[in-house]
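Undergrad: Here the protein sequences come in this chain order: A and B.
The numbering used here puts the first residue of the first sequence at 209, with every later residue one more than the last.
The numbering used here puts the first residue of the second sequence at 209, with every later residue one more than the last.
Because the hints were derived from the structure by calculation, they are not lab data.
Note that the structure is predicted; figures quoted are calculated from it, not measured.
It is possible that part of the hints are untrue.
Note that identical chains are pooled: a pair holds if it fits in a single copy or bridges any two copies.
[Said to hold, decoys possible] With a straight-line cut-off of 27 Å between C-alpha atoms, the simulated DSS-like cross-links for lysine-lysine are:
id, residue 1, residue 2
1, Lys377, Lys262
2, Lys241, Lys213
3, Lys215, Lys265
4, Lys377, Lys265
5, Lys213, Lys265
6, Lys254, Lys213
7, Lys254, Lys321
8, Lys215, Lys355
9, Lys213, Lys321
10, Lys377, Lys241
11, Lys262, Lys215
12, Lys437, Lys265
13, Lys254, Lys355
Number of protein chains: 2
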Amino acid sequence: MIDPKIKTIAFDADDTLWVNETIFDATQERFFKLLEQYVPEEVLRKHLFQTEIKNLKYFGYGVKGFILSMIETAVELTEGLVRGGDIQQIIDWGREMIEHPVENIEGVEQALKTLSQHYQLMVITKGDLLDQESKLARSGLADYFDKVEIVSDKTAAQYQEILNRHDIKAEEFLMIGNSLKSDVLPVLEIGGQAVHIPFSSTWEHETVAPAEESHHQIVAFASVTEFVKTIG
Amino acid sequence: MIDPKIKTIAFDADDTLWVNETIFDATQERFFKLLEQYVPEEVLRKHLFQTEIKNLKYFGYGVKGFILSMIETAVELTEGLVRGGDIQQIIDWGREMIEHPVENIEGVEQALKTLSQHYQLMVITKGDLLDQESKLARSGLADYFDKVEIVSDKTAAQYQEILNRHDIKAEEFLMIGNSLKSDVLPVLEIGGQAVHIPFSSTWEHETVAPAEESHHQIVAFASVTEFVKTIG
């Protein structure tokens, strides 16, 4: 059951409320296919990941940074031979990703309906501002949330700042998300509670080493439906 | 003088607190120079502007969208002949723009110091989340502001939503900014007050037709220092 102290439950968005990583994965597969005539997939995969990490501090999380990293990888690994039409193709994929229909994860809407009767609900997500706002609007879930926070990163300091700004005590706060690194560990660090609901696919950068996990007892559920049953 | 009803004064950021358009303009000039062997400047300028407008709804305001629009313009107007090295160059400019030192506009810090003694101060700005947060931190001005709102667009509805969320009455709210379209007209529309402080350069998309202006008496000052003198 949920600790009776909890008053606010916050949800991560991508891969917690709706499917996201799947769309990135699919685009990445198309990218590997596009360039397979120049570079083997494994080389592309490794270089793309390194480029994304390098670009995080400039371009942040989200589709735009991903597209720029794919373009940069394409130019670098083909030694500039990549065709203009291929670059255009990558930018077209970016617009497609942004317009991709929002597919809510099974059971989420029912869970929000139940939880919203007992708790103040929030969204705390990172990514591009416009993109996340648009997905929340298109998800049809916006009305369940009292507050929405779109942030540039999810560190302990950023969670603390959000709680302070909304006058929420850490011990009355529970975060739910698919990423141990972004949704669980930083919230535990500031004295809040957190529930891990894994998604089938997690971006490599969001995974944590086992040692990092082991300081805490991580509470995990297979789905948000399973989690909501515990309040029944 | 400032209407005695006013309790909150909000500032736009780019080209109101610090120099921004100048950095975009300079990059754009380098872009024209890079491609002058393929396409005349006037054709590039027109196509780039059209591409930026087309991409606004996908990529929003900010450096990342600008870079993607330059890349797309380069590919389209050279019929794919643009070299990989040129594309890499454009992405490098993007990182340079994001790391560019923040140059506060003259008189702004003194004005904030004075105003913060009498008013609750806010920043309301659009652009990329990470980029705007970073600029505010590097400007050294963050401590003057009680609230910071980074939004995807500045429409009357978005201003109204911000005021509601912070329990601010429109008639007690004054917005200061360099864009009639984004900072002045939408605020007047919801019954707030606004002061126009023009910057030397305004992006074409932010200009408004004279007819749009004429419904209102626009209050304008040449600089924030001139504005602050009116409260003295």
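Undergrad: Evaluate each hint against the coordinates.
TA: Against the structure, the hints come out as follows:
1. In this assembly of identical chains, Lys377 and Lys262 lie within 27 Å of each other by CA distance neither inside one copy nor across copies; the values are 35 Å within and 44 Å between.
2. In the homo-oligomer, the alpha carbons of Lys241 and Lys213 never lie at most 27 Å apart, since the shortest distance is 51 Å inside one protomer and 62 Å across protomers.
3. When the C-alpha separation of Lys215 and Lys265 is checked against a cutoff of 27 Å, the pair qualifies neither within a copy, at 34 Å, nor between copies, at 36 Å.
4. Taking identical chains as interchangeable, the C-alpha atoms of Lys377 and Lys265 are never at most 27 Å apart, the minima being 30 Å within one chain and 37 Å between chains.
5. For the homomeric pair Lys213 and Lys265, neither the shortest alpha-carbon distance inside one copy (37 Å) nor that between copies (42 Å) is at most 27 Å.
6. Proximity of Lys254 to Lys213 under the C-alpha cut-off of 27 Å is found in neither arrangement, the shortest distances being 45 Å within a copy and 59 Å between copies.
7. Neither within a single protomer nor between protomers do Lys254 and Lys321 lie at most 27 Å apart by alpha-carbon distance, with minima of 42 Å and 49 Å respectively.
8. In this assembly of identical chains, the alpha carbons of Lys215 and Lys355 lie at most 27 Å apart whether taken from the same copy (13 Å) or from different copies (24 Å).
9. Proximity of Lys213 and Lys321 under a CA criterion of 27 Å is satisfied intra-copy only: 20 Å inside one chain copy versus 41 Å between copies.
10. Proximity of Lys377 and Lys241 under a CA criterion of 27 Å is satisfied in neither setting, with 49 Å inside one chain copy and 55 Å between copies.
11. Within a single copy, Lys262 and Lys215 get their C-alpha atoms no closer than 38 Å, and across copies no closer than 43 Å, so neither meets the 27 Å cut-off.
12. For the identical chains of this complex, Lys437 and Lys265 are neighbours neither inside a copy (40 Å) nor across copies (40 Å), given an alpha-carbon limit of 27 Å.
13. In this assembly of identical chains, the alpha carbons of Lys254 and Lys355 never lie at most 27 Å apart, being 38 Å within a copy and 41 Å across copies at closest.
In this structure, the earlier hints numbered 1, 2, 3, 4, 5, 6, 7, 10, 11, 12 and 13 are contradicted, and the remaining ones agree with it.
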